[in-house]
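> Respectively, the protein sequence lines represent chains A and B.
Count the first sequence with my numbering and you get residues 1 to 256, in order.
Count the second sequence with my numbering and you get residues 1 to 256, in order.
By construction, these hints were calculated from the structure, which means they are not laboratory data.
Some hints could be false.
Identical chains blur together in the list; that is why a pair holds if it fits in one copy or across any two.
Derived lysine-lysine pairs resembling BS3-like cross-links, with alpha carbons at most 30 Å apart [to be verified]:
| # | residue 1 | residue 2 |
| --- | --- | --- |
| 1 | K195 | K50 |
| 2 | K127 | K36 |
| 3 | K256 | K85 |
| 4 | K5 | K85 |
| 5 | K36 | K4 |
Protein chains: 2
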Amino acid sequence: MDAKKLREEIRNGSFTGSTSGAAGNKVQANLVILPKAYAFDFLLYAMRNKKAVPVIEVLEDGQTESRYADDSDIRTDIPKYNIYKDGVLTDTVDDISEYWQDDFVTFLIGCSFTFEQAILDEGLSIKHIDAGRNVAMYKTNIATDPAGVFSGELVVSMRPFDENAVETVTRVTEQFPEMHGGPVHYGDPREIGIKDIGHPEYGESIEIDEGELPVFWACGVTPQNAAVNAKPRVMITHAPGYMFVTDLENEDYRQK
Amino acid sequence: MDAKKLREEIRNGSFTGSTSGAAGNKVQANLVILPKAYAFDFLLYAMRNKKAVPVIEVLEDGQTESRYADDSDIRTDIPKYNIYKDGVLTDTVDDISEYWQDDFVTFLIGCSFTFEQAILDEGLSIKHIDAGRNVAMYKTNIATDPAGVFSGELVVSMRPFDENAVETVTRVTEQFPEMHGGPVHYGDPREIGIKDIGHPEYGESIEIDEGELPVFWACGVTPQNAAVNAKPRVMITHAPGYMFVTDLENEDYRQK
């Protein structure tokens, strides 16, 4: 579907599902909204942890339209938002207009949907997509580089691939350094502090079959985790899988 | 001279000159210090104008030692600082300890010294260096992408080269995208709004001889210009040519 039309349908409530696969080759973005008092610390945290927190765009306080999404409104154009108060999830809503504050700063952050499309374009399949599940995500023991009130462990997403395909998915995803880039690890989950691969902290589990290896990428949930640690008075994020659809092309983020 | 020893000599007052050529192949950095109230706007301005404002490091409020300069102190380790109040230069000093505020955030920004060394390594000479002058810098009519209170025109540095050398200096400086990268323009200065090439707004003028072309690069004075436009209550910068010497290697910033 056309990205602008999809945003309109989300806004008027006729599209309510996950945006996975709904917007062709358009870039979809993770969302973090914070009061301006936290904005410097968060932007610095992003800069210091680019692989996990690749900032595509910042909407300054007072702005609600993305420069990369024509006629958009960040308060209404995502199907599902999570509201956190003092670091605790308090509400999940489809419109944040009534929560909006004039001092809110919006961060749009690169999302793995971009590199997943590139993997699919190589003729490989991705198991959680085939199974209609959300990707499996885990906290690791890898510390991020803190900034101000933000700190915490790197969160990774995991996709199992045939061991012969690991080289290909590594090569392809490395071409998208601004969309989490290449894997941070593959193979034994315990090496990065994951004790139980069958029980992800976020998303849904997926089987790793004989001949497959788990491959791990830095994940856009990392900044949400850091923000929850920081316990900001209020924070709004997208709900996992329900993303902000921009007018940008995935392929424009591929570095050859 | 060893970078750490040079910083010590600057700190104890035995080295007081320009740092140009004083630190071998170590990265030297532009300095902007601002109260934290301006830090988000400034960091966003830098992010949106990477070519002019390539941030190497941010020292958060309360920090005075660079992680890239062993045993350093940002308040004493630069030979000459400029103090601005409400956008007006009020003092030039060799130590800012008495001006220091607990809410100061320090930005270290990439400097053209890095790519100049790479040009020299190609066997080319750079005229203002041979003449013992500061580089010529000009305001252009190219608007930067504003952020919060920061806005203004791009400031460029100019170096004349034989027209046969322009391709080489372009290729070499493009290898340093985090140190201003390749030229933004070469040839007719009027095309970027420079009316009188003989009278630079900053630094010193240099002759352009027969067979030479002026080549223009985005310049680290751009953020100083934007900060002066923003008229912050207080801002401290290095004085042009008197830089912060880090322990980083210039060559580590070359992208092959």
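> Indicate, hint by hint, whether the structure satisfies it.
Now for the hints, and whether the structure bears them out:
Proximity of K195 and K50 under a CA criterion of 30 Å is satisfied intra-copy only: 26 Å inside one chain copy versus 40 Å between copies. Taking the shortest alpha-carbon separations for K127 and K36, neither the intra-copy value of 39 Å nor the inter-copy value of 46 Å comes in at or below 30 Å. For a Cα distance limit of 30 Å, the shortest separation of K256 from K85 qualifies neither inside one copy, at 42 Å, nor across copies, at 46 Å. In this assembly of identical chains, K5 and K85 lie within 30 Å of each other by CA distance neither inside one copy nor across copies; the values are 32 Å within and 50 Å between.
In the homo-oligomer, the alpha carbons of K36 and K4 lie at most 30 Å apart inside one protomer (28 Å), although the nearest pairing across protomers, at 38 Å, exceeds that limit.
In the structure shown, a violation is registered for the earlier hints numbered 2, 3 and 4, in ascending order.
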